[in-house]
Amino acid sequence: MYPDINHDFRHHRVTGPERGFCGLAHVVFRFTTSPVRMPRLTRLGIAELAADIRAEGWTIRSAGPRWFTVWSQDTERLRRERVVLVPADWIGLTETEMLAILLTHAQRLGLLATRQIDTLAALDSARAKLWRAIQRA
1 MYPDINHDFR HHRVTGPERG FCGLAHVVFR FTTSPVRMPR LTRLGIAELA
51 ADIRAEGWTI RSAGPRWFTV WSQDTERLRR ERVVLVPADW IGLTETEMLA
101 ILLTHAQRLG LLATRQIDTL AALDSARAKL WRAIQRA
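What the sequence shown shows, in the UniProt record's numbering, is residues 1 to 137, in sequence order.
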């Protein structure tokens with residue numbers, strides 16, 4: 001029914017230290033994010049970078065502005081889940097803004113070597129759009 005959203009948690013079983021709040025947070029994380037499909041990545045022009053990230057065994061998921069703000073700050077969870085998080089498509093980020101966020105997050109997670117990237121203006125613009133989207137909601 002919803003091809004981009006993973007709502008099926010019937011087979012999810014949390015054991016060990018992931019029980020309790022951590023297990024609930026995992027379910028909430030999966031419910032509030034959705035997998036990013038290849039056509040979207042190709043349309044944004046970042047399919048090659050995404051393929052490199054996926055080759056390392058990571059996935060790319062997206063979230064609306066509020067949940068993106070919450071989850072993108074939780075680097076340990078993103079590492080544990082092996083997820084690089086990007087904002088949802090409907091926020092309206094440009095290709096350059098999306099690339100800036102993807103590069104920044106991949107570097108923070110240790111997937112890309114830390115290097116000087118010339119996307120600071122695009123990153124600031126993307127953050128401003130996210131903030132406006134949060135204020136509208």
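Think of the hints as simulated: they come from the structure by calculation, not from any bench.
Note that the Cβ used here is the ideal one computed from N, Cα and C, for glycine as well.
Treat the hints with caution; some may be incorrect.
Simulated DEER-style distance windows between Cβ atoms [said to hold, decoys possible]:
1) Pro35 / Arg66: 31 to 39 Å
2) Ala55 / Gln135: 15 to 23 Å
3) Thr32 / Arg127: 18 to 26 Å
4) Gly92 / Thr42: 15 to 23 Å
Hints, one by one, checked against the model:
1. Pro35 / Arg66: 31 to 39 Å: Since the Cβ atoms of proline 35 and arginine 66 sit about 19 Å apart, the hinted range of 31 to 39 Å is violated.
2. Ala55 / Gln135: 15 to 23 Å: Violated, since alanine 55 and glutamine 135 (Cβ atoms, about 37 Å apart) do not stay within the stated range.
3. Thr32 / Arg127: 18 to 26 Å: Given about 20 Å between the Cβ atoms, the range holds.
4. Gly92 / Thr42: 15 to 23 Å: Since glycine 92 and threonine 42 have Cβ atoms about 18 Å apart, the given range 15 to 23 Å holds.
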